[in-house]
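**Q** Read top to bottom, the protein sequences are chains A and B. The working numbering puts the first residue of the first sequence at 5, with every later residue one more than the last. The working numbering puts the first residue of the second sequence at 191, with every later residue one more than the last.
The reader is advised that the hints may include incorrect statements.
[Stated by the list, open to error] Straight-line alpha carbon distances no greater than 30 Å define the calculated DSS-like cross-link-like pairs of lysine-lysine that follow:
id, chain 1, residue 1, chain 2, residue 2
1, A, K195, B, K649
2, B, K475, A, K154
3, A, K196, B, K475
4, B, K610, B, K620
5, A, K196, B, K775
6, A, K114, B, K214
7, B, K766, B, K620
8, A, K85, A, K114
9, B, K649, B, K317
10, B, K620, B, K649
11, A, K154, A, K195
12, A, K159, A, K195
13, A, K195, A, K248
14, B, K620, B, K606
15, B, K475, B, K606
16, B, K501, B, K480
17, B, K649, B, K286
18, A, K248, A, K196
19, B, K204, B, K214
20, B, K214, B, K766
21, B, K501, A, K159
22, B, K286, B, K317
23, B, K766, B, K649
24, B, K649, A, K196
25, B, K204, A, K159
26, B, K403, B, K214
27, A, K154, A, K114
28, B, K775, B, K286
29, B, K649, A, K154
30, B, K402, A, K159
31, B, K286, A, K159
32, A, K114, A, K159
33, B, K204, B, K402
Hints listed in this document are in silico derivations from the structure and should not be mistaken for laboratory results.
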Amino acid sequence: MASGNSILQIDDINLAFGGVTALNGISFDVAEGEICAVIGPNGAGKSSMLNVINGVYVPQSGRVIFRGQDCTQMRPRQIAKLGMARTFQNIGLFQGMTVLENILTGRSLKIRSTWIEQGLNIGRARREEVENRALVEEVIEFLHLQSIRKTPVGKLPYGLQKRVELARALVAEPTLLLQDEPMTGMNLEEKKDMSCFALEINREYGTTIVLIEHDMSVVMDISDHVVVLDYGAKIGDGTPDEVKNNQEVIDAYLGVTH
Amino acid sequence: MDTFLALLLEQARKNPDHPALRTKCLGIWDTTTWGQACDQVSVLAQMLSQQGVGAGTPFGVFGPNRTEMYLTYLAVHSLGGIVVPIDSNLFGEDLKRQVHSSDVEHILSFEQQHVDALLECGQTCVKRILYINRRGMENYAQPELMSFPESLEGIEASTAFLEQMEGQRDPGETATILLTSGTGRAERPVELSHGALISTARSIARRERITKKDSLLAYLPLSVSSDFLFSFSLSMVTGCTMNCPESDDTVLENMQEIGPTILFGPPYVYKYIYTHASNRIESAKTFDTKIYKAALQAVMTVASHRAEGGKATFTDWLRFMFARATTFSPFCNIYGLSRLRLALTGGDAISPEVFNFFRAIGIDLRETYGQVEGCACVTLQSSEDWNSDSVGQPLDDTEVRIEDGEIWFRGPGQMKGIYKNPEATADSIKDGWVRTHDAGHLDDQGRLHVHGQIARTGKLGDGGAFAPDMLETLLRSFEYIKQAIVVGEGRDYPVTIVTVDGTITRTWADRRSLRYTGYADLSAHASVQELVREYIQTVNERLAEDPETSGMQLRRFAVLNREFMASAGEVTPTRKVRCHEVEEKHRGLINALYSDALEYTYTDPVDEEPYTVPLGNV
């Protein structure tokens, strides 16, 4: 699906927390329509990288360019409005709300009606409610969540909660989807489902996906492009095959003395 | 008048605004009235006619229960074509075999998964594959593929077209080809005529006074004959509403939303509700459990009086009414059974415990008996009959007789024959009577009692009687046992392989703080073995009471590491166990049961993992 035009450019990012350098001069490009995996051992800076991309962290230097716009200094909300959505490593759902309600929150940025209109259920509010619900229902069907629509999220097993989180990200109709370890803690079956969903989202909606993942077989199977981080530095960048044969990457994974 | 097309035109004329079909789609129940159904069928029929579907063309329908599927049935029927419903979970060789066995040239499939399954079959006789859902279909270039919605563009609804077609239709035409379940013998394609299906449905509707105000749930796979009869045909004959659930996982929830007045379900459906309820009670608070148990006791007392023909005392009756009003009325509401006035079951023996439970809580559960060869229903139990042994009396104009212990029937609902197989037809129909391959007897009130498949009833090694079907039903009565097969023909003693119900056994194990990793581990757990052993002991005690059955006591058992699965060909789409297949597949395990071994290790062909199954002595 990759078209060659880059949708996201990471340019020489440096990020430090006090004296600890989390990211050290990282640069890479994500092409439009591809699935890009960011991998690396624990503490390599993968989640920090994702947090820099969607504006949770502001790097000390370097630029993040998303669809031609420099968004390094933007807040997460502004970036989300540009068409970027994400899922979290430690599920960030409202545990007491139902699956349907949780997914509907993913539409909050698209709502134009005022709270007065919503309270009285008049004007734009009414129309928006119907439109949003219709879109949410499509995603529910896509991710096979019909049978748990009305179940409170807190009662669901972990694997399904991850799927609900993905659904919430999808209803925002993102052009770029960030997924932080979408498959950790899942069994083989659930991982397979999740990989299929990632591929289908990519193909069906043309969504570009950047994901962090530990499971190498999954990464090698579904991604078009792999970026390897280790101790805050980029040590590999290329197709899954190129990365697999990269000596530095092999060392980082098998472990050599530093 | 006895064609489905004529019925459609009649319903559209008489009740144009009455809902005919509902399908839950994207969270909303989409309703199609009889008037709309007629218009849509006319469009569909014109399109199919352009595609070359005509009289006698077998047309495959491959997908879930949905409005489009049933409307396509009618469109095919209006052209004189034959509907061949295909189980939407089929793939590979099984799918290829079914497509070939009925010469299907045109298929309506639902989505990408179905198209893929069909394309993977390779070279078949299929010339045209229509698909409804366009998702993921952009990159398919095969010439035989065609989008269903696109194919309908530009065609005008025309009742005149249907009326013109009606003149050419005849009740003797084949309406559908359905496969037999293949539990005993190989699957065979059975031809059923419009007349046979319609008269069977009419007979049921007349007896039970089913009207257009009724509502039913069409949730069984399309390929199952009971769906064709109890959903499609019954709705066509009476004008009642058919409701298609959103997906396989949402059937219970959708049932609650719809509150059907009529429900047909194979025994597994009722057992599921029964087990589901027991499971919830098992994990409820002690006080709630006590109330429930007392209420159950109260209704069961009166139920057993009725079953035995005795009279309940006034206090018993008061308690009964109180328990129903306070406990079981809400119970029925939770499961969507409050409006249910007729619950039917058939296709397999229902266990007496489940039957009595539903009757006791106020659900009018009836047993039916029938085979594909007899449009899925030959006899129907009456409301007054509280005996779960009997499957009731034959439908109108239908006769049942017993010859050498085998059940034979004849009537308007019998099949035309086995598709393109005169020898098999001649073997099945003799002098107008259709054989069932089932053993049974008629009682003095003309009610039929079914004992099981003839091929399976045999003798033990010592010449004693052996009725595995009866033993299996007894074993399945236990809520923790989901499936069971009994082997023993020509052996010294019978043995059994059972599978436990994962959900309820897990709850049971969790309450006892047992440690286990998954289903396989749990099934091999010593406590679960003990639970099963104790139950088999009570079964043996019951068998020992009757000298005729005392020789059939089970000596050894194994709890399998997984349930019998449809994908492994071990159960039919209605979850009836295919004994023959299971015996073949687990030959090694059965042999081990006839040795002194205490465990059996094998590689399960399903996931190619090694498992050790403990073998228990009773």
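**Q** A separate judgement is required for each hint: does it hold in the structure or not?
**A** Now the hints, each set against the structure:
no. : hint            : verdict
1   : A:K195 x B:K649 : violated (50 Å)
2   : B:K475 x A:K154 : holds (24 Å)
3   : A:K196 x B:K475 : violated (38 Å)
4   : B:K610 x B:K620 : holds (17 Å)
5   : A:K196 x B:K775 : holds (28 Å)
6   : A:K114 x B:K214 : holds (27 Å)
7   : B:K766 x B:K620 : holds (28 Å)
8   : A:K85 x A:K114  : holds (8 Å)
9   : B:K649 x B:K317 : violated (50 Å)
10  : B:K620 x B:K649 : holds (27 Å)
11  : A:K154 x A:K195 : holds (24 Å)
12  : A:K159 x A:K195 : holds (20 Å)
13  : A:K195 x A:K248 : holds (21 Å)
14  : B:K620 x B:K606 : holds (13 Å)
15  : B:K475 x B:K606 : violated (56 Å)
16  : B:K501 x B:K480 : holds (26 Å)
17  : B:K649 x B:K286 : violated (38 Å)
18  : A:K248 x A:K196 : holds (21 Å)
19  : B:K204 x B:K214 : holds (26 Å)
20  : B:K214 x B:K766 : holds (28 Å)
21  : B:K501 x A:K159 : violated (47 Å)
22  : B:K286 x B:K317 : holds (14 Å)
23  : B:K766 x B:K649 : holds (23 Å)
24  : B:K649 x A:K196 : violated (49 Å)
25  : B:K204 x A:K159 : violated (48 Å)
26  : B:K403 x B:K214 : holds (20 Å)
27  : A:K154 x A:K114 : holds (23 Å)
28  : B:K775 x B:K286 : holds (22 Å)
29  : B:K649 x A:K154 : violated (54 Å)
30  : B:K402 x A:K159 : violated (40 Å)
31  : B:K286 x A:K159 : violated (42 Å)
32  : A:K114 x A:K159 : holds (28 Å)
33  : B:K204 x B:K402 : holds (11 Å)
Hint violations for this structure: numbers 1, 3, 9, 15, 17, 21, 24, 25, 29, 30 and 31, all remaining hints satisfied.
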